[in-house]
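Peer 1: Keeping their order, the protein sequence lines are chains D and W.
Each residue of the first sequence is one higher than the one before, counting from 1 in the UniProt record's numbering.
Each residue of the second sequence is one higher than the one before, counting from 1 in the UniProt record's numbering.
What the hints contain is simulated information worked out from the structure, not anything from laboratory work.
Heads up, some of the hints might be wrong.
No copy labels: a pair is met if it fits in one copy or bridges any two.
[As the list claims (entries may be wrong)] Pairs of lysine-lysine residues, derived as DSS-like cross-links and limited to a Cα-Cα distance of at most 25 angstroms, are as follows:
id: 1; residue 1: K62; residue 2: K205
id: 2; residue 1: K580; residue 2: K479
id: 3; residue 1: K555; residue 2: K73
id: 4; residue 1: K509; residue 2: K368
id: 5; residue 1: K426; residue 2: K88
id: 6; residue 1: K456; residue 2: K477
id: 7; residue 1: K205; residue 2: K73
2 protein chains.
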Amino acid sequence: MSYWLWYPGDFEIHQGMIQNFSREERGMGWPAYWYMDDCYCNVMFSNEYELKTSTEFTVYAKGTGFVSVDGHKSQLSQSIRCPIGKHKIEVQVGNTQGLPCIYIEGEVIKSDPTWRVGNFIQTEPAGYSDRYTLLSQDPNQMYFAKQAILAQKVTPSKKGVLYDFGQVVNGQIQVDLLNPLIQSVTLCYGESATEASDVEMCYYKQEQVTPESEIRKRAFRYIYIPDINESDVELIAYHEFYPRNHKATFKTDNHIMNEIWKTSQTTYDLCSDWFFIDGVKSDRWIWAGDAYQTNFINQYSNFDEEVDKRTIIALRGHDGIQQHINTIVDYSILWIISIYNHYQMTGDVDFLKFIFKRMQGMIDYLRKQTDELGFIYGRENDWVFIDWLEIDKEGITAAAQLLLVRAYQAFIECGKAIGADVSNYKGLPESLLDQTIKHFWDDDLGCFIDSYVSGKRHVSRHPNIIAIIYGLVSKDKQKSILENVLLNDQIPEITTPYFKFFEQDALCKLGQFQDVYKIIESYWGGMLEQGATTFWEEYNPDDVGVEHYSMYGDKYGKSLCHAWGSSPIYLLGRYFIGLKPTEVGYRKFEIEPHLEMFNEVNCVLPIKGGQVEINKSGGKIKITASRDGGMVKYKGKDYQILKNKMVTLG
Amino acid sequence: MSYWLWYPGDFEIHQGMIQNFSREERGMGWPAYWYMDDCYCNVMFSNEYELKTSTEFTVYAKGTGFVSVDGHKSQLSQSIRCPIGKHKIEVQVGNTQGLPCIYIEGEVIKSDPTWRVGNFIQTEPAGYSDRYTLLSQDPNQMYFAKQAILAQKVTPSKKGVLYDFGQVVNGQIQVDLLNPLIQSVTLCYGESATEASDVEMCYYKQEQVTPESEIRKRAFRYIYIPDINESDVELIAYHEFYPRNHKATFKTDNHIMNEIWKTSQTTYDLCSDWFFIDGVKSDRWIWAGDAYQTNFINQYSNFDEEVDKRTIIALRGHDGIQQHINTIVDYSILWIISIYNHYQMTGDVDFLKFIFKRMQGMIDYLRKQTDELGFIYGRENDWVFIDWLEIDKEGITAAAQLLLVRAYQAFIECGKAIGADVSNYKGLPESLLDQTIKHFWDDDLGCFIDSYVSGKRHVSRHPNIIAIIYGLVSKDKQKSILENVLLNDQIPEITTPYFKFFEQDALCKLGQFQDVYKIIESYWGGMLEQGATTFWEEYNPDDVGVEHYSMYGDKYGKSLCHAWGSSPIYLLGRYFIGLKPTEVGYRKFEIEPHLEMFNEVNCVLPIKGGQVEINKSGGKIKITASRDGGMVKYKGKDYQILKNKMVTLG
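With the hints as extra help, turn the sequences into a complete structure.
Peer 2: Right, dumping it as structure tokens:
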């Protein structure tokens, strides 16, 4: 089989840029507002062959260039005969408008992962994808499967017609005009019926649409067309999606929980086509914080290693660093930790080897903005985000230090895994953690304060949550944080689903399963009650009607299909089913079920190279894994799981 | 007037990349084999206006994006009304395939040089060009004037027909088939009749050409079509060129010298459309060494400041440096000196301010590869070129040190001119020159040796020529170099026109006018005798027939229209007319004529913002300048030239 080949990472960088330029709002394009790399425009592929018989091959390329066999040049797209013996094949390609890449047809000499590629500075193993194996493809395009969807419900009103497709569509509308008196129509899109019907303010709108119009790909559930009757127009929506398998199932006797899982899966699927994006309507951008969380959901649902790798590469760009990822200091830090998480999930040493230099570049970039105590501070134009909530960020803030501790740990662990020399970084996490505890831990308050510089002793949940999820503090301090912060109503509540994710994670890590279960049921169940078919960027149970749709000062600024909305998959899989890898790539893994709140459970979860099946019925829990390496922890006892041998508990 | 605006330098970087990818050889594309930057893909334009009346404007862009007025966003391509008062206008544009750029139509708010633009890292005054002032244009295209040219001579033979267009055409062929029996033809191109007629080996060939075929832009004088009769086919060539004025004329009683000047001008014009390229057939690439020399020719002919600036920017790319320019250490050094030369010629402080940071980046990059004595050495993968001729480059080589001395000087002078802090570089040129003389000057041989490390005491002309042209050694040493090297037949002759340029320059600087005059007459005159309509990449008088066309091991590898071939313009203008600036931008300039070999001269040469006219007739020389600041040196006397007041000598 032949593959399209490119400079490793450059498909992701180029397509990631295109993804980040695909946002649309009320007729405006909105490219992401940060510095973005593009692919190298000029590359040289090379390989060596020892031929036992003569052979023919043909090189195709996107771009301009030539083929060289032992220094003798030939044209692209022409069959080349290569005689018996040892030969060095080189292909140079330049592309002025996009990704330079090649495809070689041949029996022996063909474009496969044995090729290397250089940008005239360095040479690396070529990049490729299982999704680009046909000559007819072009890696400058992202391909999607398409599914025609008809409106499930068509509601005429005095002023027009509302089409409800019954699900989120991310794709193109085809318009047929059945009434010869109608020359063109206006398409008003909405994630909600309210938005679509708001001809003035809806987020997407296209006017003067005829059957010949080029209609942009958009995400919506509803279309409203003003000034027509039901019989005037026929619409077909073509939903575009990245075809993949679902690797998890989750069915219980709790109908709401089942719906929450299903809706989470739908939401996650929609936001994870070629990259983890935040939401399908807006921003459609690749954000490191969102991606960090989305991969935890991925791990417990589709276990799609490729989308995670593509996202990690696209976020980072090439070697040189111009600014923090998405302009946000903590996103750069989370990006580093996400690489460890990917490694933990997959055991993929090859990817680690590829990304490690860029990881080290980022660690060094971060270290350059630490002070004499090792604390990271925000520089002019840096955005230390942490969360939208009020946090005392004067000088330096505890949350960023604790994140950086984990990033140092993650970097050192990754370096060791590939045998890289990380001796220059030895002791960094320990020292930064010591200093952070020394300066930010307040014994009287029994928790971390945001800032020791401001003198305000302001407590927010954030640094305390971070300390918990990364296991950075002792049992005593964990307990103290739980009591004094997490279960303390005096401490301002987390309001963003982004940080709610980390908060629920922390609560589960501290054994608060009942609380988290209730939150899932009420918060996500609440969205379902509001008619959600996907989970939202934010949900406030106290909102009424159109209030649900506003955010960022925009009447319809909220995204109703947002990746982080699908976190119940992670919480249910990780803490209630209780599955986690204990060695990288699930070489060893653990299942510690907390299924007291379910009578019946039928669940399959993916692990690297296999799956785990957990069933509960009649008070008994039965567990099977398709791989060795598992261990069940249940009621204080450990049970080894052998491949395909069922373990029965209770 | 409105201009297209872009990130400063990015038009040049993007178009320079396209230029460097435009090489073609026998059906193969051949992108330049070095690392090339492309433009930033995502930029934000901004301006502020204080409006006294309300006004309307419309923003057009190449790419996706939006307009923001005081933070309120609007669509591109839509008229926007802006009320009285102070307003901040921003336009963000992302382009996934090329240069993001904008054009604003409006009475008051319009795209002009008052705009700034940022890449989310830094903000600078916007880039623009007098050649891009129409909405209908696209700065992703380079535009040319076109001229239809018919074959001057059509020669049928038994096997086909040869068309001679009588001049070099750089453009497209249009084919009309007049014989209905002929379905398609093969176009064989040649700079020479021999090449075009060589159906097998000619450099450019296009087969199965019909009137509908897309025919690539190519450079040629001859077209040969095999297997047709004269009446079967009609050809029209559309020559493409960058329209510009000739600012110099040169007519004397020496017919050959006149032809040499004219042919030099033609050659120079062809190789300096949007960029200084080495040759129109091959490579079509932008080389720093070639460009360095070409601008000296420019200074004495078209005085086109823009093409020099475009070339300097395109060679360098963005801030970060990945490798030496064109991979060659000495080309990086010459690039630095070329900026000083541009400043000397134009007095353009704005350009200096723009390029200075990139200049400093290059100086620092070079300094990083100097040893404890300050000597620059070649690193692995670095190419210390100097010249094709055999030079002892073991360890460190004298020529590179002397070039670097001049680069340090040039950098410091440029820094001072814009008030930059160059105190860190103080003393560098003096110290490097001292060390170079100490280690490389051989008192016994009375000249510089190539290497003091190798122990070979090998003498080549190169370092000695460099010492002369940059005035780096005392009168004594100059004299010694002249005797022991330049006029010494024992020292291997310079064979490349590239270094011949420097050699003639050095000989003139040492007053060897008669010798240089003879060389111009015989060497360039020799090419004319061979029927040249443009000057060649290399000329060996001993070659016969087809030997003239081969180079780089390729039967037709030589370019017969090569920029550096036009150096007689510089030599005649600079040393025989004797014009040179003595203060930047010709604020002061000097004319020191050496016209003994001419009886009649009618010459006009450009200076910054004006021209100088020199006529010789009846033993008298008459000089007029359209600007003040001139001084004539003649037979030991100085004569001041006042604006438009003729000075008569002799």
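Peer 1: Give a verdict on every hint.
Peer 2: Okay, the hints, checked on the actual structure:
1. K62 to K205: between (35 angstroms within a copy, 22 angstroms between copies)
2. K580 to K479: within (23 angstroms within a copy, 83 angstroms between copies)
3. K555 to K73: between (61 angstroms within a copy, 15 angstroms between copies)
4. K509 to K368: neither (33 angstroms within a copy, 51 angstroms between copies)
5. K426 to K88: neither (43 angstroms within a copy, 49 angstroms between copies)
6. K456 to K477: Answer is within: at 21 angstroms inside a copy they meet the 25 angstroms cutoff, but 74 angstroms across does not.
7. K205 to K73: between (52 angstroms within a copy, 16 angstroms between copies)
Checked against the numbered hints listed earlier, the structure breaks hints 4 and 5; every other hint is satisfied.
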